[in-house]
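If you're matching positions, the sequence shown starts at 8 in my numbering and goes up one per residue.
Since the hints were made in silico from the structure, they are not lab data.
Do not take every clue at face value.
[As the list claims (entries may be wrong)] In silico PhoX-like links for lysine-lysine, alpha-carbon gap of 25 Å or less:
#1 Lys13 with Lys56
#2 Lys53 with Lys95
#3 Lys53 with Lys64
#4 Lys13 with Lys64
#5 Lys13 with Lys58
[As the list claims (entries may be wrong)] Computed Cβ-Cβ distance ranges for the label pairs, DEER-style:
#6 Glu100 with Lys13: 44 to 54 Å
#7 Ala67 with Leu27: 52 to 62 Å
#8 Ala57 with Ala26: 36 to 46 Å
The beta carbon of each residue, even a glycine, is placed where N, CA and C say it ideally should be.
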Amino acid sequence: MLRNIKIIIITVLVTLSGALGILEWRRSVVRADALTELNYNWSGYKTEKAKTEAVIKANAVIEQNRSFFDFSNSGASEDEMLIRQNQKTGQWELVR
């Protein structure tokens with residue numbers, strides 16, 4: 008009986024860790040896609056308003072898909088951007 012309980016507990020833990028791994032992977036793909044889309048379309052934005060909207064959208068997508076293990080801040084404020092533009096390359100990147 009005790010052996011069966013141990014097997015059930017181990018099975019549940021392995022299943023939960025696998026599910027968490029899949030969720031983390033999916034979140035990382037969404038964050039990367041948001042930055043890729045922003046960088047790809049950046050030269051096509053003609054107005055400052057369009058550029059600002061694109062940056063805010065990318066920042067919101069990244070915020071919504073933050074890692075479960077990112078405990079640095081509970082949420083983004085208007086003054087805190089999760090992405091920045093690299094001055095040398097002009098590409099947008101995550102703030103570490």
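Cross-check of the supplied hints:
no.	hint	verdict
1	Lys13 with Lys56	58 Å, violated
2	Lys53 with Lys95	21 Å, holds
3	Lys53 with Lys64	16 Å, holds
4	Lys13 with Lys64	46 Å, violated
5	Lys13 with Lys58	55 Å, violated
6	Glu100 with Lys13: 44 to 54 Å	46 Å, holds
7	Ala67 with Leu27: 52 to 62 Å	23 Å, violated
8	Ala57 with Ala26: 36 to 46 Å	38 Å, holds
Violation of the numbered hints given earlier is confined to hints 1, 4, 5, 7; the remaining hints are satisfied by the structure.
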